[in-house]
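> The chain contents come next:
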Amino acid sequence: MTDETIAEKAERLTQRRARVLFALAVLYLAQQASYFSRYDGAPRTVDAVKISAWLVLSIVMLIGITTKGFWFQPKEVRDLIDDENTRANRTAAMRAGFFLAMLAAIGTYVLTMFEPVSGREAVHIILSVGIGAALLRLAILERNAHRNG
Amino acid sequence: MAERLANALKERRGELGLTQAELADRVGVTRKTINTVENGVFTPSALLAIKLAKALSVPVETLFWVER
Numbered sequence: 054m055t056d057e058t059i060a061e062k063a064e065r066l067t068q069r070r071a072r073v074l075f076a077l078a079v080l081y082l083a084q085q086a087s088y089f090s091r092y093d094g095a096p097r098t099v100d101a102v103k104i105s106a107w108l109v110l111s112i113v114m115l116i117g118i119t120t121k122g123f124w125f126q127p128k129e130v131r132d133l134i135d136d137e138n139t140r141a142n143r144t145a146a147m148r149a150g151f152f153l154a155m156l157a158a159i160g161t162y163v164l165t166m167f168e169p170v171s172g173r174e175a176v177h178i179i180l181s182v183g184i185g186a187a188l189l190r191l192a193i194l195e196r197n198a199h200r201n202g
Numbered sequence: 646m647a648e649r650l651a652n653a654l655k656e657r658r659g660e661l662g663l664t665q666a667e668l669a670d671r672v673g674v675t676r677k678t679i680n681t682v683e684n685g686v687f688t689p690s691a692l693l694a695i696k697l698a699k700a701l702s703v704p705v706e707t708l709f710w711v712e713r
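Residue numbers (the numbering used here), protein chains in the order written: chain A, 54 to 202; chain B, 646 to 713.
Read the hints as simulated data drawn from the structure, not as lab findings. The beta carbon of each residue, even a glycine, is placed where N, CA and C say it ideally should be. Do not rely on the hints blindly, as some may be mistaken.
Said to hold, decoys possible - SDA-like, lysine to any residue: derived pairs with alpha carbons at most 25 Å apart:
| no. | chain 1 | residue 1 | chain 2 | residue 2 |
| --- | --- | --- | --- | --- |
| 1 | B | 699 | A | 59 |
| 2 | B | 699 | B | 647 |
| 3 | A | 62 | B | 684 |
| 4 | A | 121 | B | 673 |
Said to hold, decoys possible - Negatives, chain B to chain A, calculated, CB over 12 Å:
| no. | residue |
| --- | --- |
| 5 | 648 |
| 6 | 670 |
| 7 | 698 |
| 8 | 703 |
As the list claims (entries may be wrong) - Using C-beta positions, here's what the derived DEER-type ranges look like:
| no. | chain 1 | residue 1 | chain 2 | residue 2 | range |
| --- | --- | --- | --- | --- | --- |
| 9 | B | 692 | A | 120 | 17 to 27 Å |
| 10 | B | 713 | A | 172 | 44 to 54 Å |
| 11 | A | 197 | B | 648 | 15 to 25 Å |
| 12 | B | 651 | A | 129 | 28 to 38 Å |
| 13 | A | 200 | B | 692 | 18 to 28 Å |
| 14 | A | 104 | B | 712 | 46 to 56 Å |
| 15 | A | 104 | B | 713 | 47 to 57 Å |
Construct all of the structure, not just a fragment, from the sequences and the given hints.
Structure follows, in structure tokens:
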């Protein structure tokens, strides 16, 4: 048993979150790049599994970005982790995600003028860009906030 | 011309011999928030600015000022 205080625990968890968020953002975006580079339009069972995995991951990431997170930690720790700076970083991340999702929507719309894009593909692109951008922005802001301490 | 909120947080904290973590503990935020305020990366709310001034026993206008 350790004598870790609430502040120490919050500090440790926020540092870990900064590292994990960055890895998750890269992983999430790389997964989408791999999905679209191999996609040939023909429906396959393996694609259904991949899409389901992507959908679950997207929902988890979305909840992670928009909420305090650390659901299994005590309320005091969660409140401290979600302090003013974290809330500001989260807001900035969501703004970046929304902006890039809109750009992706415009890009997809333009793309449909030259090549057919299904509704599912369009949603996949817009959702992935929006969530991926927000995740990456949050990871960068959180990592920078810990630097030069 | 752009304006920014400058602060003497690091200097005042140093005078009192407090670490970032100790100051963070006093005002109920993480060390990360103190770090970003000190480095001018993050502009604190009025609430946090007042809490910081109180924790460092100085008037808020001594701790924070507008820089052009």
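> Beyond 12 Å from every Cβ of chain A: is that where the Cβ of residue 670(B) lies?
For residue 670(B), whose nearest Cβ neighbour in chain A is about 5 Å away, the distance does not exceed 12 Å, so it is violated.
> Are the Cα atoms of residue 699(B) and residue 59(A) separated by 25 Å or less?
holds (22 Å)
> Check the following: the C-beta atoms of residue 200(A) and residue 692(B) are separated by a distance inside 18 to 28 Å.
holds (25 Å)
> Between residue 713(B) and residue 172(A), is the Cβ distance one that fits in 44 to 54 Å?
holds (52 Å)
> Against chain A, does residue 648(B) keep a CB gap of more than 12 Å to every residue?
Given a closest Cβ separation of 18 Å, the condition holds.
> Given the range 17 to 27 Å, decide if the beta-carbon distance of residue 692(B) to residue 120(A) lies inside it.
Since residue 692(B) and residue 120(A) have Cβ atoms about 22 Å apart, the given range 17 to 27 Å holds.
> Going by Cβ atoms, does residue 703(B) stay more than 12 Å from chain A at every point?
holds (20 Å)
> Could you tell me whether the CB distance from residue 197(A) to residue 648(B) stays inside 15 to 25 Å?
holds (22 Å)
> Do the alpha carbons of residue 62(A) and residue 684(B) lie within 25 Å of each other, as the hint requires?
holds (23 Å)
> Would you mind confirming whether the straight-line C-alpha gap from residue 699(B) to residue 647(B) stays at or under 25 Å?
Judged against 25 Å, a Cα distance of about 28 Å means the pair is violated.
> CB of residue 104(A) to CB of residue 713(B), is that within 47 to 57 Å?
holds (53 Å)
> Given the hint of 46 to 56 Å, check if residue 104(A) and residue 712(B) actually sit that far apart at their C-beta atoms.
The hinted range 46 to 56 Å holds for residue 104(A) and residue 712(B), with Cβ atoms some 52 Å apart.
Violated hints for the displayed structure, listed by number in ascending order: 2, 6.
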